[in-house]
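Enquirer: Respectively, the protein sequence lines represent chains R and S. The first sequence begins at 590 in this note's numbering and counts up by one. The second sequence begins at 6 in this note's numbering and counts up by one.
Simulated from the structure, these hints should not be mistaken for lab results. Beta carbons: idealized from backbone N, C-alpha and C, even for Gly. One thing to keep in mind: the hints can contain errors.
Cβ-Cβ distance ranges computed for the label pairs, FRET-style [as the list claims (entries may be wrong)]: (1) R/Pro-853 x S/Ala-48: 55 to 63 Å; (2) S/Ala-58 x R/Pro-688: 35 to 43 Å; (3) R/Ser-890 x S/Gln-9: 25 to 33 Å; (4) R/Arg-1105 x S/Ala-58: 37 to 45 Å; (5) R/Ala-1021 x S/Arg-24: 34 to 42 Å; (6) R/Gly-633 x S/Ser-28: 39 to 47 Å; (7) S/Arg-24 x R/Ala-1141: 53 to 61 Å; (8) R/Thr-668 x S/Asp-12: 40 to 48 Å; (9) S/Gln-9 x R/Glu-730: 15 to 23 Å; (10) S/Thr-7 x R/Gln-754: 48 to 56 Å; (11) S/Thr-7 x R/Arg-776: 40 to 48 Å; (12) R/Pro-858 x S/Ala-43: 45 to 53 Å; (13) S/Ala-48 x R/Met-1100: 46 to 54 Å.
In silico contact screen, one side only, chain R against chain S (beta carbon under 10 Å); selected entries [to be verified]: (14) Trp-667; (15) Ser-970; (16) Leu-993.
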Amino acid sequence: MAETVAIPERVTVVIAGGGPVGLSLAALLAEYGIPSLTIEADDGYCTGSRAICMSRRSQEIMGWFGADAPLVEKGLGWTAGRSYFRDKEVLHFDMPHDPAQRFAPMVNIQQYYIEEYAHDATRRHPGLAQVSWSSRVLAVEPLADASRTGASRTNASRTGGVRVQVEVNGTPRWIEADWLIACDGGRSTVREAMGLQLKGMQYEGRYVIVDIEQESQRPVERLAWFDPPSNPGSTILMHRQPENVWRIDYQVGDDEDPAEAVRPENVLPRVQSHLDMIGETAPWKPLWISIYNAKCLSLESYRHGRILFAGDAAHLVPIFGVRGLNSGLDDAGNLAWKLAWVLRGGAPESILDTYSSERVHATRQNIAYGAKSTEFMAPPSYGFSLMRDAALRLGVTDPSVRSLVNPRQSSPISYEGSPLNRRDGLHQADAASAPGQPAAELMLQRNGLTRHLTQWFGRGFVVMGLDLDEGTFQQLQSMVATMTAPQGLPAPDVLQVNSSGTGSGEAWQAMHGGGRRYAAPQDGAIYVFRPDGYVLGRWAAADMERARQALAAFHLS
Amino acid sequence: MTEQDLDTSYTSLCEAITRVGESRAPLFLAMLSLSLIARQSSAGDVLALIAQAEKNSAE
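With the rest of the complex left out, here is chain S (with noise of 0.2 Å):
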């Protein structure tokens, strides 16, 4: 993806998660996670991507 096009994703998300506030975010993002890896080409990516989220996300 260019940075544009990133720069441009990241933007609409985040005002989408405004859009439908905090207590409507978790399910929002879940489903959305779940459009992303469905397009993805094999588990092995996204395995380690949850991985790195989890680790990251810790205080």
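For reference, chain R alone in the conformation it holds in the complex (with noise of 0.2 Å):
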């Protein structure tokens, strides 16, 4: 990267890690019209595609600043996939096409696209989102938290924060930062200096993953092959990639050297065997050979002062889940809004505490959703081992086992328990839309316009009027109208959905039933959800007051 950035003494937030959840967050940030400095090691863009599949939330997050449309543009989305034990093939699912989504449910898209469209969306805020490239963190000192003493709620209080040893082009300087976050990746500079550890356990299972540029006429699909004959008694696992590039997982060995197995002259030969074997004949060259095993990995708190910790940073998932990359934007996009309203006086720095438990209590599930993937690409003991042949040879005439053979089906990630949820108002409603849910996602459509719910998230709070008469729904509106959001900050947003999708008017119908995961019957109601899209309260409405308060917490009234 050619651009050089002046460094100012103080800052008022570090990034540590210009990755692509470190530029994420650079970028949601910026649309708060917060600052930032962005540390990173590498002169430009990861190299070599890394994290690959993009979640449908990861899709809405990178919306938020801007990069959905050139995600969707260059990425190849899939539903469908194929397992295949030895020759035949056991499995093939096709997600439900589901008319009132925004996004495909996965795109396959290089990593360093990622990063370069989060790059770009900090630039369209100059000033605010600085990056120095050729960077490192090299120590880090917490200055004395004044912040306890009850300054909590005043505008980016001067008192705290982090003194940060960085070298830039060689040169070693020292920055001060109201807050740092690491976003530097799995092995983190940041936690190592505050002599933190990850917990948890790692899979003995080693994967090689090769990228090798090759033509191909096969339908953007996942495939995994059990047994293949080309590998005998390996796992092998391809997803295509744009550019022509394929991903190309294969299981080595327990026996085999891992620094061994990552030379190309014992990879290609093992590539090759299986191109033949599938019949992919094109011409082919090699990109990138890695290796890998899965990790099942966390910090115990992502916040630690005015030091948060984000991405792999914080948290090491299987990879089999594809929730790596996906959980760090997730991460990003969950601390955006919070970090936003404590600098602007908005909320006090607790809700920081949030952030971690918030997201400890994802990262559970996250790797409990991995383990599930990891336990039969990678089967851990005997009895899986033993289970898994069972079910791939039952699988090739047996429907009734064949779902244990999927990519397990994942459920959104709900932040139950969190201290920020509202007692649920509406228990007469799907609990898949109680507080501490993220909110199911809506096709609306108002005089011949279709909007998504998805769109009205990544900035304010959202309230959303359902089925209320009209007279009622004008009260709502001049509730949300008295909320003052902190300074720089996007007001409320407020909406009014019909739920039956029948009616017309000033209100939103949602369309394709989608309104019954919200309504209540024979009640209208109103939800809040927060800027990140999940839901803070809901309630009958003549319990508007009890919105209006928590609303209220958030905002100058």
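Reassemble the complex: the two chains are provided individually, in unrelated frames, and hints are given to aid placement.
Expert: Given below as structure tokens:
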């Protein structure tokens, strides 16, 4: 990167690590007008494709800083997959197409594009998000925390913070930051500097990843082979990426030396053998080779005073659950609005404890989900190995066991038990829309215009009046209008939705039956969503005062 | 059985087989099979499943 940046002595937010999570966090903060300085050791985006499967939620979050369009344009969406045992197909799944959804369930794209799109987004706010390339964090010194003495609601308190020693183009210097966010990956320097350790376990089974460039006519699907004739005893996964790239993962034996396993003379023949077997005959060349094993590791807390951890610096989850980068972006999405609210005096610093508790809770769910997939892809013990063999062999003729071969269907992460959740005021409505749940997507139509509910998120709080009569909705609008956002932050949005989808006028009609997930029979309802698209609280229309109180906690009214 | 229940049962069985170990596994699985067979409604289905497992387990 050619740009050089003059580093000030005091910055509001230092982000250690300019990978996809760090740069996305910088972009999200810039959307709130919050300045940041990102310290990145490399001189540009990552090489090699690393993370490739972007979930629906990640696409939504990238939309919060305007990067969803290039992502969808470049990426390859997929909904289907096939699994093979030896030479027979045992499973073909196709995720049902949900007409109400805005994004494909998964999109494949190289990680360096994610970094580029996030970096481009930061440049749309000149002067706000600065990136210092070829720079690294050397040391970290938390300053005495004066915020506990009661100054917690003051605007950008100049007491407390962190001193960070950074080396820029070989020259070390100290910076003072109000907040340091560690997004510096699996071998986080900040984590080490703080003497913190990831806790958990790792699986033994190792996989080589190799990206190759090869033209193909195959449709974009997740492909898995168990014990294929091309590589007996191994498991092979293939994913298509943009620009004619195949991602190939294959399992290596427990007795193979990892350093030997990644040597091209050991990798390329196995790849060739498999390509021959599946009939991919176009010329090909290798781009990148690496090796991994599945990990289930996390810090116990992602907040340490003015130092916060996100992405792989905070947690490592098994690759087979495809929730590594996706959970890192989800961290950034949870953190950005909270940090913005704190910095603008709209919330006490203690709200950042909920960042830690919610995302630690999410990591546990992600690890459990990833472990399930890992148990099948890299059976950890004799019992799992034997039963996988049984499931695959039976699966060839017996449909009733095929769901075991399927990558586990993912359910969205919930923040059940979070202190931010208001008490559920609408028990009669679907539990899937209760406080602490992510807002289920709605496709909304009004006067010939179509929008999705998730398009309202990523800014301020969102209030949804559902099936309210006109008078009540006007009352709701007036109430929301009394809420002043902290300076520089977005005011709350309010929208009127008709759950049956058959009305007209000013209300948005919820299409394809989506309104059923929110509606309370015989009642109008009020939903308040957090900026990150999670349900803060929900109430019957008659309890509007409770909705007001929930909103007022984050606004000046 | 729901997919969730199938998953729970499958995982529990994997863990049990690991605990009893390779040498005890055949006896354990024989006993489990018998418990499950005894709870089916007729021999017809069971014999078909026996035939399927015998066929699909061949090298």
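Enquirer: Decide, hint by hint, whether the structure agrees.
Expert: Do the hints match the structure? See the list:
At about 57 Å, the CB distance of R/Pro-853 to S/Ala-48 agrees with the hint of 55 to 63 Å. Evaluation of the 35 to 43 Å hint for S/Ala-58 and R/Pro-688 yields a pass: the beta carbon distance comes to about 41 Å. Evaluation of the 25 to 33 Å hint for R/Ser-890 and S/Gln-9 yields a pass: the beta carbon distance comes to about 31 Å. Between R/Arg-1105 and S/Ala-58, the C-beta spacing of about 43 Å keeps the proposed range 37 to 45 Å intact.
At roughly 37 Å, the beta carbons of R/Ala-1021 and S/Arg-24 sit within the given window of 34 to 42 Å. The supplied range of 39 to 47 Å is broken by R/Gly-633 and S/Ser-28, whose beta-carbon atoms lie about 56 Å from each other. Between S/Arg-24 and R/Ala-1141 the CB atoms are about 55 Å apart, so this pair conforms to the stated range of 53 to 61 Å. For R/Thr-668 paired with S/Asp-12, a C-beta distance near 21 Å fails the hint of 40 to 48 Å.
Checking the proposed 15 to 23 Å range against S/Gln-9 and R/Glu-730 shows it is violated: the Cβ atoms sit about 49 Å from each other. Against the hinted window of 48 to 56 Å, the Cβ-Cβ separation of S/Thr-7 and R/Gln-754 comes to about 55 Å, which satisfies the hint. In this structure, S/Thr-7 and R/Arg-776 meet the distance hint of 40 to 48 Å, their C-beta atoms being roughly 41 Å apart. The given range of 45 to 53 Å is respected by R/Pro-858 and S/Ala-43, whose C-beta atoms sit roughly 51 Å from each other.
The hinted window of 46 to 54 Å between S/Ala-48 and R/Met-1100 holds, with their beta carbons roughly 51 Å apart. The restraint placing R/Trp-667 at the interface with chain S is violated, with a minimum CB-CB distance near 21 Å, outside the 10 Å limit. Given hint, R/Ser-970 at the interface with chain S, holds; its Cβ is 4 Å from that chain's nearest Cβ, closer than 10 Å. Here the hint on R/Leu-993 is kept, as its CB sits about 6 Å from the closest CB of chain S, short of 10 Å.
The structure fails to meet hints 6, 8, 9, 14 from the earlier list, while all remaining hints are met.
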